[in-house]
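Trainee: Here is how the chains run, residue by residue.
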Amino acid sequence: MTTVEEPAGPAGPAAEERPIGFGRMKRKEDPRFVRGKGRYVDDVKLPGMLHGAVLRSPFAHARIVSIDTSAAEAHPKVKAVITGETLAGLGLAWMPTLSMDTQAVLATDKVRFQGQEVAFVVAEDHYAARDAIELIDVDYEPLDPVVDARRALDPAAPVIRDDLEGRTDNHIFDWEAGDRAATEEVFSRADVVVEQTMLYPRVHPAPLETCGAVASMDPVDGKLTLWTTTQAPHAHRTLYAMVAGLPEHKIRVISPDIGGGFGNKVGIYPGYVCAVVGSIVTGKPVKWVEDRSENLMSTSFARDYHMNGQIAATRDGRILGVRVKVLADHGAFNSTAQPTKYPAGFFHIFTGSYDIEAAHCEVTGVYTNKAPGGVAYACSFRVTEAVYLIERMVDCLAAELGADPADLRMRNLLQPEQFPYQNKTGWEYDSGDYPACLRKAMDLAGYEELRREQAEKRERGELMGIGLSFFTETVGAGPRKHMDILGLGMADGCELRVHPTGKAVVRLSVQTQGQGHETTFAQIVAEELGIPPEDIDVVHGDTDQTPFGLGTYGSRSTPVSGAAAALVARKVRDKARIIAGAMLEVSPDDLEWTKGRWSVKGDPAMTRTIQEIALAAHGALELPEGVEGHLEATTVYNPPNLTYPFGAYICVVDVDPGTGAVKVRRFIAVDDCGTRINPMIIEGQVHGGLADGVGMALMEFIGFDEDGNCLSGSFMDYLLPTALEVPAWELGHTVTPSPHHPIGAKGIGESATVGSPPAVVNAVLDAIGVRHADMPLTPGRVWQAMRHGQVEAPQ
Amino acid sequence: MQVPASFEYQRAQSVEEALELLGRFGEEARVLAGGHSLLPMMKLRLAGPEVLVDINDLTELDHIDETGGELRVGALTRHRTLLESPLVGRHFPIIHDAERVIADPPVRNRGTIGGSLCQADPSEDLSAVCAALHAVAVIRGADGERGVAMADFHRGPYETAVGAGEMLTEVRFPVRPGSGSAYEKLERKAGDWAVAAAGVALCLEDGRMTHVGVGLAAVGAGGLHAEAVQELLEGREPSPELFEEAGRVASASCSPVTDSRGPADYKRHLAGELTKRALRRAVARAAAPAAAVKEG
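These protein sequences, in sequence, are chains A and B. Residues 1 to 795 in the numbering used here are what the first sequence lists, from first letter to last. Residues 1 to 296 in the numbering used here are what the second sequence lists, from first letter to last.
Just chain A, same shape as in the assembly (with noise of 0.2 Å):
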């Protein structure tokens, strides 16, 4: 259970298995993408296809006086100048989000965020139009903008969304989870209660590709097709059936190779819809991809969580309880996606790993004059913010009671004979071995080591520092009673058809954006059915070819779909075995199943492959009375709970005391997905999270001046890390299967960069000396908390 994988690199685990089932195997779609040959959404081109571009508002917070589009439409290469009146007139200027606000498809009355659509045009080519969106002459009259979300609530703030209906401030939501009697009583008798007021601060995904749309209207047959860069396209198809009123089965979405989606690509932009629009307006197929100021300023951002937490303890560093109050800035409409009764996501599993007496939390979404978002950069639905709230507030905890943190933590972990487990919020989490899995990290670290020879630099005045987390997520959302977007259940479909020759088609309904769905659910089927996974296609992201389901994000795919994946192999496993009986003529009772083959019960040689079976299921053997012919099956999965990854990170910095430059020079690893389907994938996975998390802990922000401009609208201001900023990761694993899922596997997209934030930053603040300061923690804000002993949040 406990086995460490050797860092995977080129000197690494070199021997690649063949697996037929669960193992280490490269990617069967890496050499279409290595070769250059994938095909994005920018790479559809359709004859007679014209070309959006979106103009934008340059102001956070302005009315619109007029909009003067005459010398657009003059340019001779535009075709089209579309408007929020000209939507208004066809019913669709405003657009429902995926938490029951509404939203500006192209603004009539105000902007509301600087970068907000204003109009779009359509013309021949990208330059024309790019060029046409400046003969655009849009009179503005500006207004103050709210930018603070601490300022939001102000009797005086300007209200932002006036649009709404009797609205006179900009609250938007309460939401509470835990016990509040319960806790209050904790508190009443620790020893000890420390307090810390954090910001996880705005960060955004920022995929590799931008986010884009090609829409198709057939004029012939009245079928939409559209090519968008969607995680989740069955729900994009409703949505779109519900605003835009076209009937479901004449719409496609097709959702090619994405380029890293990250919760970016969850909801619906007014670009995908402006899209349609030209195309229904001018009957010519219309792309439109943004560019990169565009998807930074104006797509779903992530966090943006002001947060007060208090931990409640014995003197002897018992954990007691914990509360938060959370102010949420969601910017200017509250398009967050999480499940409906959610709407601060599962926050609320902020107890974390430890065995807490009660919780409390508090949360109050509101608006701002800025991009909506939230809920995006592989948070988990906000496990994020409560993961580096709970490990920020143990390492306070530990600077209060002079305890080591990792002590500490190991001092109040939920123990294995507790699961399942029921917190204080209202989880069950599933299955785990928290002592062993810190333990491991700790070996693997050297942890007793480090503590001798950060005490000996400390000596010599060098600054280094060592910095842990333990973090428990909650992925793979349903069950669907409890969860829903919009109204639509959180289960998915999986259909599976074996061929006459023993080859395979399985079709899914999420989607990946890069984390190997291709292989990793060939992996799946073959690991039940013995097919090679090579002879095993995997069909998804097309709305016509796959059964309905809610998409990749929260890390649910093999959650859920991978679980669809097994149950519906069961199945036709199932199917095969009344076959091989007629083949064999015996009774399917009498059958026993070795992977890929059943064979008669103590006579291996009475036997028939699954290649075999599903020839003669297409072929002219007589099957038994009320057998169909064909080896296929369908199910749907809706999941009796969610599954809990966990891991424990481990992150030793040094800093430099005359710069405060921070250089990682370790990183420790160690996750526990359940079983594990494909080792290689699940590695690069945490590598990928892993560097998510030092760019946010040290560079990563999206910024705005007092105005309301956006300051992070490049790559030269929006800070990603590289090779040369993190070090090699070192990753082990444990192994605690899930009970109630089909295969024991548990959720891993999200893992690293959900637990990587607080290993980093608690890693810093022990090299300096210095309780809490905010992320990102660059050299200029290093400096300023070692020099103050804090520094102000950032704007």
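Keep in mind the hints are simulated off the structure, nothing from the lab. Each hint should be verified, as a subset may be incorrect.
[Stated by the list, open to error] Below 20 Å or equal to it, Euclidean Cα-Cα: the simulated EDC-like pairs (lysine to aspartate or glutamate) are:
no., chain 1, residue 1, chain 2, residue 2
1, A, Lys663, B, Glu187
2, A, Lys37, A, Asp537
3, B, Lys43, A, Asp42
4, B, Lys189, A, Glu73
5, A, Lys26, A, Glu725
6, A, Lys223, A, Asp537
7, B, Lys189, A, Asp139
8, B, Lys189, B, Glu244
9, A, Lys663, B, Asp192
10, B, Lys189, A, Asp125
11, B, Lys43, A, Asp125
12, B, Lys189, B, Asp121
13, A, Lys601, A, Glu585
14, A, Lys45, A, Glu185
15, B, Lys43, A, Glu585
16, B, Lys43, A, Glu134
17, A, Lys284, A, Glu73
18, B, Lys43, B, Glu166
19, B, Lys189, A, Asp774
20, A, Lys325, A, Glu185
21, A, Lys341, A, Asp179
22, A, Lys28, A, Asp537
23, B, Lys189, A, Asp654
[Claimed, not checked] A short list of chain A residues far from chain B (calculated; beta carbon distances all over 12 Å):
no., residue
24, Arg27
25, Val192
26, Asp574
[As the list claims (entries may be wrong)] Rough simulated footprint, nothing fancy, chain B against chain A, three-plus residues with beta-carbon under 8 Å:
no., region
27, 124 to 130
28, 400 to 410
29, 655 to 663
30, 771 to 782
Here the structure is a predicted model, which is why all the values come from computation and not from measurement. The beta-carbon is built from N, C-alpha and C at its ideal position, and this holds for glycine as well.
Take the given structure of chain A and dock chain B to it, following the hints.
Mentor: Positioned in the frame of chain A, the structure of chain B alone reads:
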């Protein structure tokens, strides 16, 4: 995809032709060398020249020669060429220090020394390096050429002594015995513009520092050519106390502004800290040139 507005494109085949084109189109024309600053600005529509005069065929501007006690570097010399030149490394390790941290390899493959200096970004590394080395910029126009000291070359952010119808053709560096130099840059991530940077060049003559040059980047007016620090050090013997004093003077003599790279007081601190570090390394290299070559 970000796309520029339309523009005319001319590919010059000689310096004379380039000057003729620049003279004809005046303020509306921009020289295209490596293009790694100009083209992004055009794509963001922050720059909209009507004509680009491409000088990439002018191989006579791509050279590194040692002659007459000077190292003469053509304006079209790529960053990569500078970085790979042993001659440059031997005389001016500061240039190799800087080139290693200028942007990234794709930019260094195309970007040129002339483009860097003429872009005149206040955070640009080679401007500070050339200032520290007391380099002379050679500017050619219809009426011939003239040499301009680096202190006079920069007129302010994005402004240089190169006038309409002129172009920078060469940068000349004085070669002196007993010299040492170093560049220290603090960036938020690899390839970023400097939060602050300091370049120091000097000679050791009989244990005393001479021909001292100090150039600071990204710390506002008064930084690029840190005369007060130079005057403090000139003719003095190196000592830890003097280095501390030099750091204090560097901090005091610059005027950084707060931005997303850091607050002004931090940058002021960095100006001093990085000046001290560069000074120590420059002196060490001057004292042991063989080690400097090995290190470089």
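Trainee: Each hint: holds or not?
Mentor: Now for the hints, and whether the structure bears them out:
Proximity of A:Lys663 to B:Glu187 is assessed by CA-CA distance (about 12 Å); at most 20 Å being required, the pair is judged to hold. For the hint pairing A:Lys37 with A:Asp537, the CA-to-CA distance comes to about 18 Å; that is within 20 Å, so the pair holds. Taking the CA atoms of B:Lys43 and A:Asp42, the gap is near 18 Å; set against the 20 Å cutoff, the hint holds. Between B:Lys189 and A:Glu73 the CA atoms are separated by roughly 44 Å; this puts the pair beyond 20 Å, and the hint is violated.
Taken as a hint, the A:Lys26 and A:Glu725 pair is broken in the structure, with Cα atoms around 26 Å apart against an allowance of 20 Å. With a C-alpha separation of about 27 Å, the suggested pairing of A:Lys223 with A:Asp537 is violated against the 20 Å cut-off. Proposed proximity of B:Lys189 and A:Asp139 is contradicted: the alpha carbons are some 40 Å apart, above 20 Å. With a C-alpha separation of about 27 Å, the suggested pairing of B:Lys189 with B:Glu244 is violated against the 20 Å cut-off.
Using a Cα cut-off of 20 Å, the hinted pair A:Lys663 and B:Asp192 holds, with the two alpha carbons roughly 16 Å apart. Straight-line distance between C-alpha atoms of B:Lys189 and A:Asp125 comes to about 37 Å, which puts the hinted pair past the 20 Å bound. Between the alpha carbons of B:Lys43 and A:Asp125 the distance comes to roughly 16 Å, so the proposed pair stays at or under 20 Å and holds. As the CA atoms of B:Lys189 and B:Asp121 are separated by approximately 18 Å, the hinted pair is consistent with the 20 Å bound.
For the hint pairing A:Lys601 with A:Glu585, the CA-to-CA distance comes to about 13 Å; that is within 20 Å, so the pair holds. A distance of roughly 65 Å separates the Cα atoms of A:Lys45 and A:Glu185; the hinted pair therefore is violated under the 20 Å criterion. The straight-line distance between the Cα atoms of B:Lys43 and A:Glu585 is roughly 73 Å, outside the 20 Å bound, and the hint therefore fails. A threshold of 20 Å between alpha carbons decides the hint, and for B:Lys43 with A:Glu134 the separation of about 14 Å falls inside it, so the pair holds.
Of the pairs offered as hints, the one joining A:Lys284 and A:Glu73 holds, with about 17 Å between alpha carbons and a cut-off of 20 Å not exceeded. At most 20 Å may separate the alpha-carbon atoms for a hinted pair to count; B:Lys43 and B:Glu166 exceed this at roughly 25 Å. A C-alpha spacing of about 18 Å is found between B:Lys189 and A:Asp774, which places the hinted pair at or below 20 Å, so the restraint holds. Between the alpha carbons of A:Lys325 and A:Glu185 the distance comes to roughly 17 Å, so the proposed pair stays at or under 20 Å and holds.
About 18 Å separates the Cα atoms of A:Lys341 and A:Asp179, which keeps this hinted pair within 20 Å; it holds. At roughly 10 Å between alpha-carbon atoms, A:Lys28 and A:Asp537 fall within 20 Å of each other, so this suggested pair holds. This hinted pair checks out: B:Lys189 and A:Asp654 have alpha carbons roughly 15 Å apart, not beyond 20 Å. Residue placement check: A:Arg27 keeps its beta carbon more than 12 Å from all beta carbons of chain B (closest about 27 Å).
Distance to chain B confirms A:Val192 as a non-interface residue, since its nearest Cβ pair spans about 34 Å, more than 12 Å. With a closest Cβ-Cβ approach of about 51 Å to chain B, A:Asp574 is found to remain outside the 12 Å limit, as its non-interface label requires. Remark: the region 124 to 130 of chain A is confirmed as covered by chain B, as 3 of its residues place a Cβ nearer than 8 Å to a Cβ of that chain, reaching the required three. Counting residues of the region 400 to 410 of chain A whose C-beta lies closer than 8 Å to any C-beta of chain B gives 0; at least three are required, and the coverage claim is violated.
Counting residues of the region 655 to 663 of chain A whose C-beta lies closer than 8 Å to any C-beta of chain B gives 4; at least three are required, and the coverage claim holds. Residue count for the region 771 to 782 of chain A with a Cβ under 8 Å from a Cβ of chain B: 4. That meets the three needed, and the coverage hint holds.
Hint compliance for this structure: hints 4, 5, 6, 7, 8, 10, 14, 15, 18, 28 are broken, all remaining hints hold.
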